[in-house]
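*Asks:* Once you have looked at the hints, place chain W on chain U.
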Amino acid sequence: GAGVSQSPRYKVAKRGQDVALRCDPISGHVSLFWYQQALGQGPEFLTYFQNEAQLDKSGLPSDRFFAERPEGSVSTLKIQRTQQEDSAVYLCASTPEGVPSYEQYFGPGTRLTVT
Amino acid sequence: QKEVEQNSGPLSVPEGAIASLNCTYSDRGSQSFFWYRQYSGKSPELIMSIYSNGDKEDGRFTAQLNKASQYVSLLIRDSQPSDSATYLCAVNRTPGGSARQLTFGSGTQLTVLP
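Line by line, the protein sequences give chains U and W.
Taking the working numbering, the leading residue of the first sequence gets 106, the next gets one more, and so forth.
Taking the working numbering, the leading residue of the second sequence gets 105, the next gets one more, and so forth.
Hints were generated in silico from the structure; no laboratory data involved.
Ideal Cβ positions, reconstructed from N, Cα and C, are used throughout, including at glycine.
Mixed in with the good hints there might be a few duds.
[To be verified] Straight-line C-alpha distance at most 30 angstroms; calculated DSS-like pairs for lysine-lysine: (1) U:Lys-162 <-> W:Lys-146; (2) W:Lys-106 <-> U:Lys-183; (3) W:Lys-171 <-> W:Lys-160; (4) U:Lys-119 <-> U:Lys-162; (5) W:Lys-146 <-> U:Lys-119.
[Stated by the list, open to error] Cβ-to-Cβ under 8 angstroms is the rule here; a few derived chain U residues that face chain W: (6) Tyr-115; (7) Val-117; (8) Gly-121; (9) Tyr-153; (10) Glu-208; (11) Gly-212.
Next up, chain U with everything else stripped away, as it sits in the complex (with noise of 0.2 angstroms):
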């Protein structure tokens, strides 16, 4: 595909259930990123990627968040023993190297619902 696809699109987990979350970047983009969208809110950081190499984890909000892209393609992101307050959309964002390889264009979210 031409874009960023994530899986699933939505899921619903019960507290204390682990979910892992999937990015397909557009093909030959080198630098991924995991942002987290609150409603009414604009999207956090949470890592960032560059190849398979995870070069900024900080935004990471606990210990039960976990990234990882292991061929420098795929990503998951995996949230162990989730709580209502992990209920958000998680994007995907990927860019190019190169100038201007700060734009970033973002897949369509998984709806994480945490009940």
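*Replies:* Same frame as chain U, now just chain W:
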């Protein structure tokens, strides 16, 4: 003080008018500035990027940047009902080099009235 501030709105303009959206940022080291449009229930869509002081025009959209005042704006000319959405201002703080994360404002909700 939030790093990127926007008026939350809602901002209502009549069809055909100019919509003016404003954004201020706190980090003087910010280098790159973006406007994203987000329809309800959808993901952000990049509509404008601006990197240097002045105006940048693309169709009905004009982005304006004033680094001295730490101010970015987006003008939408000949507003259409299809422009009704939330507009997010985003700032990248990394000078040069590789891409880094964006810091977003909370967004301004725009409604264009037919």
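*Asks:* Against each hint, give a clear statement of whether it holds in the structure.
*Replies:* Going down the list of hints, with the structure as the test:
Distance restraint check for U:Lys-162 and W:Lys-146: the Cα-Cα separation of roughly 25 angstroms lies within the 30 angstroms cut-off, and the hinted pair is therefore satisfied. Restraint check for W:Lys-106 and U:Lys-183: satisfied, since their Cα atoms lie roughly 28 angstroms apart, inside the 30 angstroms limit. Under the criterion of a C-alpha separation no larger than 30 angstroms, the hint pairing W:Lys-171 with W:Lys-160 is consistent with the structure, at around 14 angstroms. Between U:Lys-119 and U:Lys-162 the CA atoms are separated by roughly 26 angstroms; this keeps the pair inside 30 angstroms, and the hint holds.
A threshold of 30 angstroms between alpha carbons decides the hint, and for W:Lys-146 with U:Lys-119 the separation of about 24 angstroms falls inside it, so the pair holds. Here the hint on U:Tyr-115 is broken, as its CB sits about 11 angstroms from the closest CB of chain W, past 8 angstroms. Hint status for U:Val-117 relative to chain W: violated, with the closest Cβ pair at about 16 angstroms, above 8 angstroms. Restraint check, U:Gly-121 versus chain W: the minimum CB separation of about 28 angstroms is more than 8 angstroms; hint violated.
Nearest Cβ of chain W to the Cβ of U:Tyr-153: about 6 angstroms, under the 8 angstroms cut. The hint holds. Taken as an interface hint, U:Glu-208 checks out: its beta carbon lies about 6 angstroms from the nearest beta carbon of chain W, inside 8 angstroms. Taking 8 angstroms as the C-beta contact cut-off toward chain W, the hint placing U:Gly-212 at the interface holds, the least distance being around 6 angstroms.
Of the numbered hints listed earlier, those contradicted by the structure are 6, 7, 8.
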